[in-house]
Amino acid sequence: MTLLFARSHQWLTSSPLKTFSRILTLLLLITLPGNIVIADTYKEKLDLQPLSGQFLLASFNFQSHGPIEAFNKQMFQLFPRSLGQILQYTHTRELHLRFALGRWDSELWGAQPGDGQNAGGTGVETWAWVEADNDVEAEARWTSLNNALSGLFCASLNFIDSTRTIRPVMSFNPTGDYPTTNTSRLFLLHGSLPKEPVCTENLTPFLKLLPCKGKSGISTLLDGHKLFDASFQSMSIDVRPICSPHTGTCDIEIQQTIDMVLDISRSLQRKDSPVPRPRDQHELICDTSKPYASNEYCYPMDNSIDLPWSLSDLFGRTISGGCPFAIDIPAEETQHVCIRAPENKLKTMETLELAASAPTDGQPDQKCYMLRENVPFDLSFPKQQPPISPLRQEPLLYAERSFTGHGQEHGGVKTVLRNPNPNDPIEVVYLESLPWFMKPYLHTFKAQVLPVLSGGEDVISELYYRPALDRKRGTQLEAKLVVPPNSVVILTYDFEKAVLRYTEYPPDANRGFDVASAIITIPPQKRRSDGEKIPATSIRTTSLLLSLPTPDFSMPYNVIIFTSTIMALAFGSIFNLLVRRFVAVDEVQRVDLKGKIRGLLGKLKKGKTE
Amino acid sequence: MALRVPVNLRKNLSVVLYAFQGLSFLAVIVGLASLLLLPLDEYSRRTYISENALLPGQVHAYFGGSEQNIVRAFRREVDLLGNSTSDVVAERMAEIFRSAGLKVGKQRYSYKAAGGEYTGENVYAVLHAPRGDATEAIVLCAPWRNIDHLLNEGGVALTLALSRYFKRWSLWSKDIIFLISSDARAGPQAWVDAYHDLHGKNIQSLSVKSGAIQGVVVVDYPGAYHRFESLHIIYDGINGQLPNLDLINTAVQISRDQMGLRTDLQEMWNHDDGYRHRLRTMLRGMVNQALGHSTGPHSSFIPYHIDAITLATHGDGGWHDEGSLGRTVESVFRSLNNLLEHFHQSFFFYLLMAPKRFVSIGTYLPAAMLLAVGLTLTAIRLWVDPRSRSGEEKKEEEKSEKVKEGGVVAVDGGPKRELFLPMSIVIGVHFCGVIPFAVFNSVDYKSMSSVFYIFIAASVILPTLISILITLTASPHRLLPAFHLSRCFSLLFLGMFLSTLATLNFSLSFLIGLFSLPLTFARTTPDSVPLALVNSILLQLTSPFAALFVVAGYWGLGVEDILKEASFGWWVWGMWTPVVVWCVWWPAWVVGRVSVDSSIVMAVMGKRGS
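In order, the protein sequence lines correspond to chains A and B.
Quick note, the first sequence lines up with residues 1 to 610 if you use the working numbering.
Quick note, the second sequence lines up with residues 1 to 610 if you use the working numbering.
To be clear, the hints were calculated from the coordinates, so they are not data collected in a lab.
Careful: at least some of the hints might be erroneous.
[Stated by the list, open to error] Quick list of in silico lysine to any residue cross-link-like pairs, SDA-like style, CA-CA up to 25 angstroms:
1. 213(A) to 59(A)
2. 446(A) to 199(B)
3. 439(A) to 201(B)
4. 201(B) to 59(A)
[What the hints assert, rightly or not] Sample of chain A residues at the chain B side, in silico, Cβ under 10 angstroms:
5. 101
6. 297
7. 594
Glycine included, each C-beta is placed from N, C-alpha and C at the ideal position.
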């Protein structure tokens with residue numbers, strides 16, 4: 001309570017209604033029961049890292065902890081109530097939700113931030129450990145979880161049905177602690193929607209889960225226009241229980257992250273004009289050393305400088321000040337904004353004002369800042385010529401997947417896994433979740449190693465395969481394999497394309513069907529040569545577009561029209577034949593004009609008498 | 001009652017025979033006439049955009065201004081490399097692409113055909129769609145040397161400049177691949193094969209890939225002179241396959257209506273949209289389609305169901321420059337970028353007769369079908385003809401018994417047809433077709449013409465030899481029926497094949513049908529040697545060799561060049577035209593000649609048959 005008081009006090013000191021506010025807080029103090037203390041802790045951090053090719057990686061991390069007892073009693077403090085109730089209702093013990101757009105270019109940018117643990121495949125991906133008595137109950141809870149999340153995040157998560165759900169065996173392990181729960185009652189379910197376009201409607205609910213809801217703190221930078229203009233962006237939500245081994249008390253942790261890679265030149269240009277018209281001639285940066293260089297000829301040289309940028313240029317606004325919940329908790333200074341760049345580049349950096357620097361744990365290539373409440377923060381880098389090549393961490397593995405072959409009947413998939421390490425092999429789990437209409441031939445599943453191994457041993461050590469059932473479930477293929485040092489493993493398999501029913505095609509049938517990214521998990525292991533520990537890492541390939549044999553959808557209408565015409569003609573003539581009475585000409589009573597008039601008169605008379 | 005008709009017809013068979021002959025003649029005449037009617041306004045249609053998503057010309061194209069300075073500089077760079085080897089070129093192009101911040105790949109290839117070796121190195125760059133997920137791609141291609149072996153200075157420079165220009169836009173929904181192929185014929189084929197992992201041994205795999213290719217635009221802008229008059233749209237693919245009409249319509253509409261650029265088709269430079277020009281455009285298109293060869297780098301993409309066109313500049317007196325061509329390409333790419341689905345709306349089977357006028361398959365197909373029907377009707381006539389029967393006449397008693405037993409007269413009474421000899425002639429000759437096919441695809445270019453003349457001599461003598469051999473071995477009363485029936489089977493097969501081919505490659509089917517017309521009336525005439533001689537000469541004039549000479553004359557090349565092209569087409573592009581010519585048309589022609597020559601042979605040897 002003291003904390004709360006202090007904070008409200010601080011908020012209101014600048015206000016003219018100082019005395020009134022004091023009375024109000026006092027009143028609050030009196031009316032509230034004395035034992036409420038904000039036990040939840042909240043941290044937020046923004047990591048910036050320039051990447052090669054004029055890109056900037058911005059990783060936002062929001063994390064809050066709270067005692068699990070309070071959570072179980074539905075006493076939510078910083079943990080979002082909307083999400084908490086869903087998790088309780090569906091008995092979800094651990095939830096991982098990923099929204100991703102674009103692709104991570106590991107050739108250029110190196111390893112993914114956070115060892116790829118926060119990134120998902122293109123679209124939406126989710127997996128959870130659901131507590132249940134049996135498989136059927138778990139499935140039911142998983143469905144209701146997805147339906148609820150679908151509403152919460154404005155995403156089509158409700159389309160994750162049995163055909164898109166898999167139960168990975170080797171790829172995922174629970175990251176939370178379960179000292180009391182019987183782990184055999186925990187069911188892991190995984191679903192993905194590669195076609196889901198991630199956009200602003202998913203960002204808004206994401207921000208609403210934060211304590212400061214995007215109004216203050218680093219989350220003020222998260223503007224939909226900027227975020228979704230990024231070359232790569234990934235939003236993640238992880239909820240898990242964490243227990244302290246010393247005290248035995250458990251916390252529930254929610255971690256929200258956003259990783260985005262901004263194209264600096266494109267973002268800067270957006271500021272000047274939204275349409276990238278050709279520049280003015282004097283703005284061109286030309287190579288004057290070329291023999292033909294003149295006013296008419298310009299060999300472009302604009303790759304030879306590091307463009308100047310600042311946070312407000314790239315994000316369109318400054319950080320409006322620290323989020324109050326993330327400021328006061330620890331006594332020591334917290335890192336709110338950190339930037340990693342080569343040392344000599346950091347020297348040129350400037351901050352807006354009053355930004356207190358935070359300790360950097362002795363890393364020379366890093367600078368950190370602490371945010372203060374209501375004090376805006378900005379960072380700026382000047383132009384640099386010649387450019388300084390940014391820091392890059394070599395990824396553990398490069399993965400690439402593509403379709404082979406063409407045609408409507410068969411196809412193939414080729415995945416290339418490359419281990420750049422010159423000395424050590426790496427153990428990898430490859431998980432593929434395929435839709436049911438893409439039917440792989442398991443006998444064609446092969447791993448080829450380049451350069452060819454001398455022993456000729458098989459790189460695949462374990463294989464888990466769950467075949468598809470038409471319209472019920474998809475194929476799940478998991479393979480544990482070892483990629484030898486400095487070599488490439490090429491996984492290939494052929495598949496057959498199924499013909500769908502007329503109504504099973506989506507409205508844009510000719511676009512093709514998205515096949516979810518393959519998930520490559522590198523389990524924690526030790527390097528053989530130097531004994532260095534490799535943390536658990538995951539990598540996603542890009543998703544694929546599978547074209548299926550598609551009917552000409554106008555054809556059924558043609559057929560309907562055609563058959564209707566024939567039906568009408570046939571019906572017309574048969575009806576005519578049945579209803580009409582055929583009589584010979586001479587049998588018909590001759591009616592002349594006189595007779596007609598007489599008949600009419602007769603009718604009239606009848607009418608009168610009645 | 002119904003049975004009386006065949007009995008009557010049997011008595012009066014000549015009526016049926018004449019009717020068939022008349023019908024066959026009528027089919028051919030109507031078929032030819034219907035083709036000539038197509039260019040009329042009543043039979044052709046104006047083109048229209050069928051796919052609403054394309055919105056051609058709805059966006060403003062900005063390319064120009066200072067971008068043209070860059071194009072000019074790149075022109076100079078290309079000019080400097082003019083005669084360098086392809087690996088030097090590839091390296092320099094890769095450097096330029098890399099400096100624009102694109103992913104670059106290179107690919108060496110080598111093909112062997114007609115004793116020659118075709119090697120080169122393609123270079124390409126992938127522009128990742130800013131928020132894309134690598135599922136779809138569009139290709140902008142510029143061959144280093146165009147189909148006439150001219151240095152494609154403008155095209156390559158424009159592609160390099162556009163790669164930089166396109167990168168600044170954030171609106172791309174599909175990856176853009178910039179391909180600079182080493183030449184216009186083998187290079188694109190090697191690249192597209194490798195893109196689908198269907199390449200041969202001497203072709204390198206691609207190191208960088210993207211998603212499914214949705215469309216290809218090739219820029220052919222050779223020469224050092226900047227200005228051009230009009231845009232030539234080339235669209236014929238390998239084996240006469242065509243790109244979706246929507247793509248051509250988009251290009252035509254953008255260049256004509258948005259950019260004010262005249263468009264030409266099929267090298268018809270001064271099209272007045274009159275009947276004669278329309279007919280000529282259509283016929284020129286049909287010749288290209290029938291030959292099934294590559295007319296530009298775009299041709300290699302079409303068999304992969306990738307819609308592709310070449311935009312070639314024409315003339316050097318106009319007022320258009322790289323700016324207008326760049327804007328046209330930009331606008332076409334904006335339209336392609338709008339595509340939500342693969343091209344599927346408009347026509348894949350059409351004949352264009354003016355940039356804005358076409359006929360669709362429903363209208364033109366009857367022409368080729370009627371020619372095939374003419375052949376089939378002749379075959380049926382030969383089957384019904386009593387002269388094709390050679391078995392001994394059944395005894396009158398048996399016949400009458402049959403009538404008594406069933407009360408039905410067997411329609412197919414009378415002597416039986418001997419099928420073995422004619423069948424074996426037809427099948428044997430068709431198998432022989434593999435010989436010229438294999439020979440011409442394996443012979444060196446140097447010895448091509450001598451082999452060809454030897455082959456002409458051989459196939460002039462072959463039919464005569466066959467007929468002498470048969471006349472010597474077979475019994476006299478079986479001779480005439482055997483020749484009749486072999487012609488019947490051969491025509492039946494040809495008719496069947498041509499009608500099937502007409503749905504795939506209308507023009508090839510139509511032209512072979514046209515050349516095969518003499519086969520319908522050149523028959524065995526043992527009574528009239530002069531007629532047989534005339535027929536024989538006529539057949540000689542409409543032989544596949546004569547057609548080869550016609551084609552060679554049309555292009556102004558030697559016959560050996562055409563054969564070399566065919567061999568190259570078979571080995572590199574997978575062109576089926578040689579198969580059709582040597583394994584279908586040539587055997588049919590040989591059988592035709594056998595039946596004509598047999599009349600002379602029989603007359604000389606005094607065997608008149610029955």
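Pair hint outcome, residue 446(A) versus residue 199(B) [Cα-Cα no greater than 25 angstroms]: Given pair residue 446(A), residue 199(B) holds - Cα atoms ~19 angstroms apart, limit 25 angstroms.
Interface hint compliance - residue 297(A) to chain B, C-beta minimum distance less than 10 angstroms: Hint holds; residue 297(A) Cβ to chain B Cβ min 4 angstroms, cut 10 angstroms.
Pair hint outcome, residue 213(A) versus residue 59(A) [Cα-Cα no greater than 25 angstroms]: holds (17 angstroms)
Pair hint residue 439(A) and residue 201(B), alpha-carbon separation not exceeding 25 angstroms: violated (28 angstroms)
Minimum beta-carbon distance criterion (10 angstroms), residue 101(A) to chain B: holds (6 angstroms)
Hinted pair residue 201(B) and residue 59(A), Cα distance within 25 angstroms: violated (45 angstroms)
Restraint check, 10 angstroms cut-off on beta carbons, for residue 594(A) near chain B: Status violated, d = 50 angstroms.
When each numbered hint is compared with the structure, violations occur for hints 3, 4, 7.
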